[in-house]
Every structure is written in structure tokens, then in C-alpha cells.
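Each chain is listed here by its residues.
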Amino acid sequence: GAGVSQSPSNKVTEKGKDVELRCDPISGHTALYWYRQSLGQGLEFLIYFQGNSAPDKSGLPSDRFSAERTGGSVSTLTIQRTQQEDSAVYLCASSLRPTANYGYTFGSGTRLTVV
Amino acid sequence: DQQVKQNSPSLSVQEGRISILNCDYTNSMFDYFLWYKKYPAEGPTFLISISSIKDKNEDGRFTVFLNKSAKHLSLHIVPSQPGDSAVYFCAASVVDSSYKLIFGSGTRLLVRP
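Chains A and B supply the protein sequences, listed in that same order.
Each residue of the first sequence is one higher than the one before, starting from 15 at the first, in our numbering.
Each residue of the second sequence is one higher than the one before, starting from 55 at the first, in our numbering.
Hints listed in this document are in silico derivations from the structure and should not be mistaken for laboratory results.
Don't take every hint at face value.
If the Cβ cut is set under 10 Å, some of the chain B residues that face chain A in the computed set are [what the hints assert, rightly or not]: (1) Trp89; (2) Ser159; (3) Gly160.
The structure presented is a predicted model; accordingly, all values stated were derived computationally and were not measured.
Glycine included, C-beta positions come from ideal geometry on N, C-alpha and C.
Taking the hints into account, I'd like the entire structure generated from these sequences.
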């Protein structure tokens, strides 16, 4: 597609349930990032995928969070046993290659609300 | 520990005037600095970047200035337009294997017609 696509756009879940968030990056983009933005905060790095290399998981806040990227394309972020503090907008971004000076393209995000 | 800080949560300017958005950082190892713009319900959009070896980068109405000794950068928008009203995020990166960005908390800019 023309841009980074994320689904669902909104998700309301009960505390303790598992959720899966999906990201379709721009075709051909090898680098994929997940960030989250909590209310009134900046974007917080979660995880990075680059080609077939081992992902950089250094930003995942707890072992309830995991992500995978199948076939070097679609990525899924899974949050197990959701807590209220997980409520945030989860943003996916991709770039043609790892880059520092041209930025990357973000999707519109998934707004997760844990009640 | 906030490595990138935007101390002004909001800014209001008159159309046609200059908007100056500020950002401070603490990590002297940052190699690149970027500005993103975000409209409601949309993802952030890349605006402009600057390498740590430069002190100025200009792109149309947008200019970013970097003062390394003060660990400070600013984004100037001249002239400001109502369509510039958005949240602006400053971000910084260390050029390592992941190029992940450290973001500030954002400044909401309102350009009044």
C-alpha cells in the first residue's frame, strides 16, 4: 500500500485480556519500528526489526509485551494480560533502510484503552 | 531520565509571524536530530533533520538550528500558516544498529488566522 497501515484503529479491552495489534509496513521497507505514546507523553521506543536480523527488543516495558515480523513484512505486537497502564496509542513505522537523517513513515496508530 | 525535553507544552502565534519551537537534550552522543509534526488521529510526519556536525538546516519555511554547546535545538517556521497548527515533536538518535529515536513530549502549536 501507499502508507503504513495499522489495525485496528481503536481497541477497548478488559484488564487481563490479551490483545494483538497489526502493522502492514510500506512494501519493500526493511526496517520496522513500534512506538507507543501515552497521554501527554512523547513517543516511547518499543522494538525494532531489520530484515532477518535479530530484533532490538530493548524498549519493551515488560515480558507481557512481544512482537514478531513474519516474512519480513507484516508485524504483530502482542500484549498479554493487559493492564490499565498499557493504555496508549501504539504506532508502527517503517523505512526503506535504517536511517537517522530522513526519518521514517508512521502509521496512524492503534488507540488501546484498557478498562 | 528524559534525554530529550520540550519544556513548552503549547505555543500560540499569529499567522504570518515566526514560530519558534525549542528542544533541549542531555546526551552528547546524539548524532542526528529530527522534527516531526503530528495532526490529531494521524501518525507523526517527518519534517526536517540536522546532523550533529551542522548548526543549521533549512527547508522552505522550516529551519532547524543546533547549538551543541548548549545542547539545544530549535525549529523556526516563517511565515507561520494556520495549517501549521499541530503538535511538534523533537527527536534524537544515536547512529547505532537500530537508529531508534528518543522523542520529546511535544509542543502544541496554534497559528491564529
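A quick look at each hint next to the structure:
A distance limit of 10 Å between C-beta atoms decides the matter here; for B/Trp89 the minimum to chain A is near 9 Å, and the interface restraint holds. Look at B/Ser159: its Cβ gets to within about 4 Å of chain A, closer than 10 Å, so that hint holds up. Evaluation of the B/Gly160 hint against chain A yields a held restraint, the C-beta minimum of about 6 Å falling below 10 Å.
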